[in-house]
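Q: The whole structure should be built from the sequences, with the hints applied where relevant.
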Amino acid sequence: MENVLQVFQPDVLFPMLIAMFFGIFVGGIPGLTATMAVALIIPITYYMSPLAALAMVVGVTFTSIFAGDIPATNLRIPGTPSSGAAVLDGHEMAKKGKGSLALSLDLFCSAIGGLIGVLILITVSSPLAKLALQFTNYEYFWLGIFGLSMSAVLSSGNVIKGLSSALLGVLISTIGIDITTGYPRFTFGNIELMGGIEFIPAMIGLFGISEVLKNIERGSSGLGVPTIKEKMGVPILEALKIIIKKPFVIIKSAIIGTFIGALPGAGADIGAWVAYGTEKKTSKKSKEFGTGIVDGVIAPTSANNAALGGTWIPALVFGIPGDSITAIVLGAFLMFGIQPGPLIFEQSGDIVTGLFTLAIIANIFLIFVGYLGIRAYSQILKMNTSIVMAIVVIFSMIGSYAIRNSFFDIYVMLLFGVVGYLFEKINVPTPPMILGIILGPMIEDNLRVGLTKTGGDMTLFFTRPISLVFVILITLTFLGGPISKLIGKIFGGDENK
Amino acid sequence: MNYKNIVYGSILSLLSIIVILISLEFPSYVVRGQELPGPSFFPQVISIFLIVIGIYEIIVGILRTFKLKKLNEEGLKKEEEVRKTVVTKKGLFNITVVIAGIILFVPFINLVGFKLGLFIFSTILMTTFGVRLLRALIYSGIVTVIIILIFEYLFKIPFPEGILFSF
Chain H
10 MENVLQVFQP DVLFPMLIAM FFGIFVGGIP GLTATMAVAL IIPITYYMSP LAALAMVVGV
70 TFTSIFAGDI PATNLRIPGT PSSGAAVLDG HEMAKKGKGS LALSLDLFCS AIGGLIGVLI
130 LITVSSPLAK LALQFTNYEY FWLGIFGLSM SAVLSSGNVI KGLSSALLGV LISTIGIDIT
190 TGYPRFTFGN IELMGGIEFI PAMIGLFGIS EVLKNIERGS SGLGVPTIKE KMGVPILEAL
250 KIIIKKPFVI IKSAIIGTFI GALPGAGADI GAWVAYGTEK KTSKKSKEFG TGIVDGVIAP
310 TSANNAALGG TWIPALVFGI PGDSITAIVL GAFLMFGIQP GPLIFEQSGD IVTGLFTLAI
370 IANIFLIFVG YLGIRAYSQI LKMNTSIVMA IVVIFSMIGS YAIRNSFFDI YVMLLFGVVG
430 YLFEKINVPT PPMILGIILG PMIEDNLRVG LTKTGGDMTL FFTRPISLVF VILITLTFLG
490 GPISKLIGKI FGGDENK
Chain U
231 MNYKNIVYGS ILSLLSIIVI LISLEFPSYV VRGQELPGPS FFPQVISIFL IVIGIYEIIV
291 GILRTFKLKK LNEEGLKKEE EVRKTVVTKK GLFNITVVIA GIILFVPFIN LVGFKLGLFI
351 FSTILMTTFG VRLLRALIYS GIVTVIIILI FEYLFKIPFP EGILFSF
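So the protein sequences, as listed, match chains H and U. For the first sequence, this note's numbering assigns the number 506 to the last residue and increments by one with no breaks. For the second sequence, this note's numbering assigns the number 397 to the last residue and increments by one with no breaks.
In short, the hints are calculated from the structure, not lab data. Wrong hints could be hidden among the right ones.
As the list claims (entries may be wrong) - As a list, the in silico EDC-like pairs of lysine to aspartate or glutamate whose alpha-carbon atoms are at most 20 Å apart:
1. U:LYS297 x U:GLU265
2. U:LYS234 x H:GLU433
3. U:LYS319 x H:GLU226
4. H:LYS223 x H:GLU433
5. H:LYS105 x H:ASP359
6. H:LYS104 x H:GLU11
7. H:LYS462 x U:GLU265
8. H:LYS296 x H:GLU433
9. H:LYS104 x H:GLU433
10. U:LYS320 x H:GLU226
11. H:LYS434 x H:GLU226
12. H:LYS255 x H:GLU297
The model shown is predicted, which means the values in this text are computed figures rather than measured ones.
A: Here it is, written out as structure tokens:
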């Protein structure tokens, strides 16, 4: 109890609040990631107590992941990679004049999802971490394929076109130095391409620039009016009413997010996509996903914040970072003389308890800080579309450059913007391509290492229990719909039900 | 003709064939006499899948063309759909300005410096999209100041000073 109460001190809570506002600010700017926000906050914590430092880190993480959803909803540009899935229905809702509702839902789902993630972290961190540790190359390979198959499901209408987009993304991910042999692939002697295609500029291009091109293609029509013609507010009661009706969507997505987050290397972005795909696949309204449905907002936004709790599981218990954010935090832990690992609960029990308490508080504070963030960022929508489109182009360019101070990434963004625009013209979905770029290296690396271990034999990819579960899940992802329709026909049920 | 599927399928197939041809030149990966999956393995596997999808798209495109000929009414509906999404002359001009602007932005800011370059680029974009010059100048000024404050001063991200002006 004493360890819990130590958190409720002004010198802990005040830095946390400041960090949370900073997180809203950074997360809401396309191109600036949650990882960047944490990296920027760490030097400030050098001279603080470990608990105050942790408070800042925890605060900035939860708010920046949420804030990434604000431009994703308003402008169709994900503020952080984990907001990619939130674009799909969030922006469609915004186009229908329900952007405020989408963001209000997002805010509460982020807070609730985050809380569920933390509660899972507290209660089942040890068993989940043990399961995550059983994942070898074979399981990680299938996890990647599972993510890709989800992306095919995500694609609006045509699974084959979605699959082609995902595979193109995977192919793009092979550009650069081959990790195993060090051989430069498809670089054509270009030094910039040696490091591969950075997926954040690609994502900004596919979502942001393509949207701009789509908006300006009809000349002046519609450019002189405000971007979204709705009174911007935060309809809390309306959002709460919807949330009360959808507890299972939130809980299910948060559990998926936490589980994916607990897998080292997976993180909040994959968690959000898998949760969205799962919800779409299992929902009765699966055909409405992508048209601005509330379930499509609830699932990814609950999952991405819940995944943060998950990432702490392997980080705390085994000292293995769940994502790039916890990798930075683990470095900070060592700076404060805290050794992450199985003994952390005994040696630094006060810090662990403090961390858990801080994470709960951060998710409660998120509602207030996020509310102000939505109000602040939504002001931009009062401007004419012509001004907003110009600002989107500028922020997309600067955001792409800022990732690694490379002008080359601006051209990458432009190329993907044009590709995204053309893809929309021929009804090829763009989100699977992003997932392909993200998951490509993970799939290739684990496939090749797995095959190297077995001398080219694929048997172990199918016979290990967890792998087998993934194979079944992937099969169901593709064939679940037709099978259920067939069963419906055989037993004479109405398939439209 | 249902060009969309046929063109998309052809591009996918062509791209995949090029990838396979390039990756044939990648070195093999041999460890203690055993040949293991090398740098060409994965791109080739993905390309094969893409060729299959490409051929599928071409076939679907051809089949739909025959179907559309039979169902003339549906063909007219499609034409109507295409007409609705057609790009106007002004729209094409807008798109050209954005693409050319982004391409020229880097050499331009290297010449005149980031601050001035960003201000001019922003003004050009806004006026192209139909914002009046005075308004465009005011908004561009605000956007430039905000970006400089956030990226240059807060995040210490380096931008070119420019050859002509340095401030």
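Q: Hint by hint, say whether it matches the structure.
A: Here is how each hint holds up against the structure:
no.: 1; hint: U:LYS297 x U:GLU265; in the structure: violated, 49 Å
no.: 2; hint: U:LYS234 x H:GLU433; in the structure: holds, 11 Å
no.: 3; hint: U:LYS319 x H:GLU226; in the structure: holds, 9 Å
no.: 4; hint: H:LYS223 x H:GLU433; in the structure: holds, 9 Å
no.: 5; hint: H:LYS105 x H:ASP359; in the structure: violated, 49 Å
no.: 6; hint: H:LYS104 x H:GLU11; in the structure: violated, 50 Å
no.: 7; hint: H:LYS462 x U:GLU265; in the structure: holds, 12 Å
no.: 8; hint: H:LYS296 x H:GLU433; in the structure: holds, 18 Å
no.: 9; hint: H:LYS104 x H:GLU433; in the structure: holds, 17 Å
no.: 10; hint: U:LYS320 x H:GLU226; in the structure: holds, 8 Å
no.: 11; hint: H:LYS434 x H:GLU226; in the structure: holds, 12 Å
no.: 12; hint: H:LYS255 x H:GLU297; in the structure: holds, 16 Å
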